[in-house]
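With the hints as constraints, model all of the structure from the sequences given.
Which chain is which? The protein sequence lines are A and B, in order. Numbering-wise (our numbering), the first sequence opens with residue 8 and increments by one. Numbering-wise (our numbering), the second sequence opens with residue 342 and increments by one.
Don't read these hints as lab results, they were simulated from the structure. We put the CB at the ideal spot given by N, CA and C, even for glycine. Some hints here could point you the wrong way.
What the hints assert, rightly or not - Far from chain B, by Cβ distances over 12 Å, these chain A residues were calculated:
#1 Y41
#2 F58
#3 P67
#4 Y72
#5 A82
#6 V151
#7 T174
#8 F203
#9 L209
#10 V212
#11 T247
#12 V269
Claimed, not checked - For lysine to any residue, the following SDA-like pairs were computed, each having C-alpha atoms within a straight-line distance of at most 25 Å:
#13 K419/B / L219/A
#14 K444/B / K403/B
#15 K444/B / F231/A
#16 K444/B / G286/A
#17 K216/A / E423/B
#18 K419/B / F231/A
#19 K403/B / G137/A
#20 K444/B / A43/A
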Amino acid sequence: MSDTLPRDTTLPAAEGVPAPAAPAPRSRRSEFLYFALRNPKLWIGGLVVLFFAVTAVVGPRLTDYGVQEYVGPPASPPSAEHWFGTTTFGQDVFTQFVHGLGASFIVGLLGGGIAAIVGMTVGFVAGYRGGIVDEVLNVMTNIVLVLPTLAVLIIIAAYLEVRGVVTEAVFIGLTSWPWAARAIRAQTFSLAARDFVDLARLTGVPTRKIILGEIAPNMSSYLFMTFILLFGGAILAAATLDFIGLGPTDGMSLGLMMNNAVLWSALQLGLWWWFVPPGLAIALIVGSLYFMNVGLDEVFNPRLRTT
Amino acid sequence: MLEFDSVTKEFRVGAFGRLTITAVDDVSFRIAPGEIVSLIGESGSGKSTIGRMILRLTPATKGTIRFDGVDVSTLGRKELKEYYRHVQGVFQDPFSSFNPVFKADRVFEMLRSQFYPDRSGSEWEDRVAKAVEDVGLNPVQVLNRYPHQLSGGQLQRMLLARALLLDLRLLVADEVISMLDASTRVGVLNLLAELRERGLSILFITHDLALGYYISDRTIILRRGSIVEMGDTRRVFQDPRHPYTQTLLASVPQMEWRWRDRPVSAAVPVDGDGTGDAEPVTVLEEVEPGHWVAVS
Numbered sequence: 008m009s010d011t012l013p014r015d016t017t018l019p020a021a022e023g024v025p026a027p028a029a030p031a032p033r034s035r036r037s038e039f040l041y042f043a044l045r046n047p048k049l050w051i052g053g054l055v056v057l058f059f060a061v062t063a064v065v066g067p068r069l070t071d072y073g074v075q076e077y078v079g080p081p082a083s084p085p086s087a088e089h090w091f092g093t094t095t096f097g098q099d100v101f102t103q104f105v106h107g108l109g110a111s112f113i114v115g116l117l118g119g120g121i122a123a124i125v126g127m128t129v130g131f132v133a134g135y136r137g138g139i140v141d142e143v144l145n146v147m148t149n150i151v152l153v154l155p156t157l158a159v160l161i162i163i164a165a166y167l168e169v170r171g172v173v174t175e176a177v178f179i180g181l182t183s184w185p186w187a188a189r190a191i192r193a194q195t196f197s198l199a200a201r202d203f204v205d206l207a208r209l210t211g212v213p214t215r216k217i218i219l220g221e222i223a224p225n226m227s228s229y230l231f232m233t234f235i236l237l238f239g240g241a242i243l244a245a246a247t248l249d250f251i252g253l254g255p256t257d258g259m260s261l262g263l264m265m266n267n268a269v270l271w272s273a274l275q276l277g278l279w280w281w282f283v284p285p286g287l288a289i290a291l292i293v294g295s296l297y298f299m300n301v302g303l304d305e306v307f308n309p310r311l312r313t314t
Numbered sequence: 342m343l344e345f346d347s348v349t350k351e352f353r354v355g356a357f358g359r360l361t362i363t364a365v366d367d368v369s370f371r372i373a374p375g376e377i378v379s380l381i382g383e384s385g386s387g388k389s390t391i392g393r394m395i396l397r398l399t400p401a402t403k404g405t406i407r408f409d410g411v412d413v414s415t416l417g418r419k420e421l422k423e424y425y426r427h428v429q430g431v432f433q434d435p436f437s438s439f440n441p442v443f444k445a446d447r448v449f450e451m452l453r454s455q456f457y458p459d460r461s462g463s464e465w466e467d468r469v470a471k472a473v474e475d476v477g478l479n480p481v482q483v484l485n486r487y488p489h490q491l492s493g494g495q496l497q498r499m500l501l502a503r504a505l506l507l508d509l510r511l512l513v514a515d516e517v518i519s520m521l522d523a524s525t526r527v528g529v530l531n532l533l534a535e536l537r538e539r540g541l542s543i544l545f546i547t548h549d550l551a552l553g554y555y556i557s558d559r560t561i562i563l564r565r566g567s568i569v570e571m572g573d574t575r576r577v578f579q580d581p582r583h584p585y586t587q588t589l590l591a592s593v594p595q596m597e598w599r600w601r602d603r604p605v606s607a608a609v610p611v612d613g614d615g616t617g618d619a620e621p622v623t624v625l626e627e628v629e630p631g632h633w634v635a636v637s
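Structure below.
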């Protein structure tokens, strides 16, 4: 395996400088790229997620039907006319599927994104500032952490007249950040005690730049993984909410499809084409994200590399 | 130039800060221009805390620190930057002083963006190269490298070079050579002495008596956050008045001594954790001009 390692790793033979332990590529970025491209977990998982993302974007253009439109014979299995068959009412399952897929990605990106931003902000500030700021933020974090998320989401969802995918994503985002904040706070604590942070302060670098420019790059892999996990978590949370009937009131989502399928006894009637695509898609997307997460861990952590 | 005026530092520990630990207790001293003052004490004696307070990395609980007569704690953002133009620090662990994710010469680039944003690229590069040469390094060897590709001595010298790029007047050197091996030690030490010749003041924080004696003009012996003895380095080392200083000096193993032939005695218990009996309140008394000793 060693002969496939990049050959440009050797440094120019400087006078008296001991050669660093090989392999030490010239820049960290190229080193990460090198291992990322050779990590099957990462690119297989990435391809699956990419496939569903592309389907969500291109899919709606491939179908002429409306999401709730009654377009075909009721409860018909997949055919050339209706690729994924139709529901008990004659709605096109493929149309619902591609629209629901889009909704799931919006929830993942928005919900996961909000949670990541809130969690990172709280974690960085609490960990870097310490003292009373940390204690206040920590109390806040712990309160949100012990809130039974699903129960709160159910209550909020029940009180809102009109619920869209975006609203749902925002609520999921605002309730799922605490663990990320706690983990990032702990990491920041240990990094903020390092001398290079003091040196940056002695150089007059403002706090925001110290956090983003000195501390964050040291945990970039961790931050990236946090986002991936929050992304998958948001999709799952949305599917759960939708499935118990508290999903968007307008629009379609994968969870809502499964909710409808169960409501109209698709399982008992043998309409497998109604609930298998959304269920499989959720399982594959979230599974691939976790799969990518393991791969990323190997890329960023040299001790886990197999090659 | 720098006045440290009855400064006390208490740390709050425990949940909601119920307990306090006094790290520095009513310490006063001055550093004159072009003077090397060594601050000697064992672990936990508060010597690093004093350095951090001068660098304003830690606020003082009581007392004032003045630089050129200006209270350091009142400095705003802009003034603080000007302060850092004149007062800089170098720390103990050279590997921890560099961000491992970036190349080591990033410390110079940070300095440029904060202090000399209008310098052109090539002009700045020449200055960096010159500063690096000034501390006895070959720019080709150390620039454009990652910290792990350089040795501790090289990194520590780069930090000194970084400080020298500013209009430096006071350097807080906190255990700068304790992590270096003996061969590179003297080099860095002589470099500091050379800098003094250019009019730089240095606060040399160390636990090593021999290093303090080698380099400093004046010596401050610190114990449990208080000054025990302070004065001209030769006087303090040749005529120690306080029992703690005497024990400290007696407990330095000499080159020709073997523990079997001449075991080092410890009359005053050397306190590591500071949990022993409370020290009686002491005041500093001038036993001879410029030589102060704590008496109870």
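The hints, checked one at a time:
no., hint, verdict
1, Y41, "16 Å, holds"
2, F58, "33 Å, holds"
3, P67, "42 Å, holds"
4, Y72, "51 Å, holds"
5, A82, "58 Å, holds"
6, V151, "21 Å, holds"
7, T174, "38 Å, holds"
8, F203, "5 Å, violated"
9, L209, "6 Å, violated"
10, V212, "6 Å, violated"
11, T247, "37 Å, holds"
12, V269, "49 Å, holds"
13, K419/B / L219/A, "21 Å, holds"
14, K444/B / K403/B, "39 Å, violated"
15, K444/B / F231/A, "22 Å, holds"
16, K444/B / G286/A, "47 Å, violated"
17, K216/A / E423/B, "19 Å, holds"
18, K419/B / F231/A, "35 Å, violated"
19, K403/B / G137/A, "21 Å, holds"
20, K444/B / A43/A, "22 Å, holds"
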